[in-house]
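If you follow the hints, you should be able to join the two separate chains into one complex; please do so.
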Amino acid sequence: MGRFHRHADGTVHEHDHEHDLGDHSGYVATGAERVTVLESILAENDRVAAENRADFARTGVVTVNLMSAPGAGKTTLLKRTITALGGRMRIGILEGDIATSIDADELSSLGVPVSLVNTSAGFGGECHLDATMVRSGLGRLPLDRLDVLIVENVGNLVCPAEFDVGQHARAMVAAITEGEEKPLKYPVMFHACDVVVVNKLDLLPHLDFDLDRFVANVQAVNPHARLIPLSARTGEGVDEWCAWLEAQATTPK
Amino acid sequence: MHELALCEAIADTVVRHAGGEPVSRVEVRIGHFRQVVPDSMQFSWKLLTEGGELDGCELAIDHVPAVLTCRTCGEETKLDVPILLCGACDSADVQLLRGDEFLVVAIERVVAG
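In the order they appear, the protein sequences are chains A and B. 1 is the number of the first residue of the first sequence in the working numbering; add one for each residue after it. 1 is the number of the first residue of the second sequence in the working numbering; add one for each residue after it.
The following block holds chain B by itself, in its conformation from the complex (with noise of 0.2 Å):
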């Protein structure tokens, strides 16, 4: 639900860094963390660029498991659900390695060949 606001924030920054080129793709960074729902994110870019100055742009969403590190025995978690535990030894003492990326990664501006 909140898929629209942050591609507000997406467009904004592809626009800041377009210098005035059409746009024809941009990457995004997301972690698994974050809630974004990838369908939900381009069904709300889609309807945000639509008839716009990026209208036609790709979005291109990298999306990233979330993964922790326990301090108590070291052991790497792949979380499915948002449980700050180690799947090892079921400690509390753990530390997101990644999973809370939320980065636009690059551009592709179109250039007249």
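So that you can see chain A by itself, here it is in the shape it has in the complex (with noise of 0.2 Å):
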């Protein structure tokens, strides 16, 4: 094995190094043995997502991971969506909040199976749900009698757009309340989301948010997305996020 060893300017440089058997005691010198792993810093994240994207394979379940800033109107729109869909599709959540039920309590009592993961657990809070975290909630689910899972995450436009956890697809919810530059601020969220949903139209005649140059910043970020502009709580536009929804638990994955 080769010895590295590193010079006051930085450079390392490796020595084919023959060990001389004289008298060591009483002097420890230590050197650093350098050790190439190349591994994704998400490699265990990504190992969990794909046993959980094997889990929903196997009982047939579709799973999308529904993302937004806190207050984006994400339970709001899972309640419209259960009203909605609840008769023709078995539904169940995955919801994550750092602490409280409250969002649980209120999905559960439309009377869909909620397994509720708080992330407090984690070091300091987690911001997200990491595949593990939505394994450990997976358990309390009847996977095989749904056709869709929609994981609700943890509110946060930076943290969850990182962690696979083993969805089919990426959705986001964007309020218009937020502003119309938010996608050029988090582009890694709108970059990896398949759909966006614009919530809080009702707001619009109340605000100066310009439609069409929040659309053009979804774009610049995320050309492939599919823009869906609804109102969660006046339930306009609620159809379309219903049916892409149905589209993608009817699609063989």
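Bear in mind the hints are in silico, worked out from the structure with no lab data behind them. Just so you know, nobody snuck in bad clues.
In silico BS3-like links for lysine-lysine, alpha-carbon gap of 30 Å or less: (1) 78/B / 185/A; (2) 46/B / 185/A; (3) 79/A / 185/A.
Looking from chain B toward chain A, a few residues come up when the C-beta cut is under 10 Å (computed): (4) 4; (5) 27; (6) 84.
Glycine is no exception: its CB is placed at the ideal position from the N, C-alpha and C atoms.
See below:
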């Protein structure tokens, strides 16, 4: 095994090095041995995500990872979705929340299976769901009796975008109250999503929000995203979102 | 803000490859498109490793600029802002060449001489 040492200028050299068998007593020299890893930072997460995906395939459930900033309207949209599709599709929810069961309680009162994963057990309160957290909540859901599983991620526009949880599609909710520039400020999230739901459209007359500019900004960071403008509060446009969700459930994965 | 979670993932990877030996340095390669703030990552790394088995382990971040290539005109564009447009002809038919790297490249284990 070669040896490395570092010079003051930061360069590193490897030396083939014979051990001498002299007296080392009272003298402990240390060296550094460079070990090449070349592994994705998220390799372990991706391994567990693949296990989740295999479970979804085995049980025939299509999984959508739903993300947004806090307060964009994910839970309100899910309530509308369950009401609209409940008779035609078997929907399950895996709910990620830093603390509390408020959203989970609201959703389970609509008669769908809900598995709550509080993320506060992580280091200082995790700001996203990763594949392992999702896996920990799957056992509480009747996957083989579901058509669609919606993973409601923790409200956050940065962290959830990086973590594959084994989903088939990623969707996000962006409320028009957040402004037109969010796609440019959080490009990783907008870039990662198959669908961008543009929520709170009922507030458009009261805001200076420029919908065309928002759409152009989304297209600048993700030309392939499908945009669905709607109001989860009034229900306007929710049918298009439901149609997309139904199409996901009936498309073989 | 996700730097802490990423540092946890890096630390797990380091420990898995360390074979029980102390580790003095870990090299990571992170593309600009990953939205990692190097200072914030260094802070998170220190916070996470202090007092644990990786205490004192240096985190070396190789930050890779985001570069895309245009399928329309063939030009390469270095991205300062994350807008996926060719800098030469404004085409959106582009491919990211570099900038989405997210690797633990190597570790340096401390070995007794």
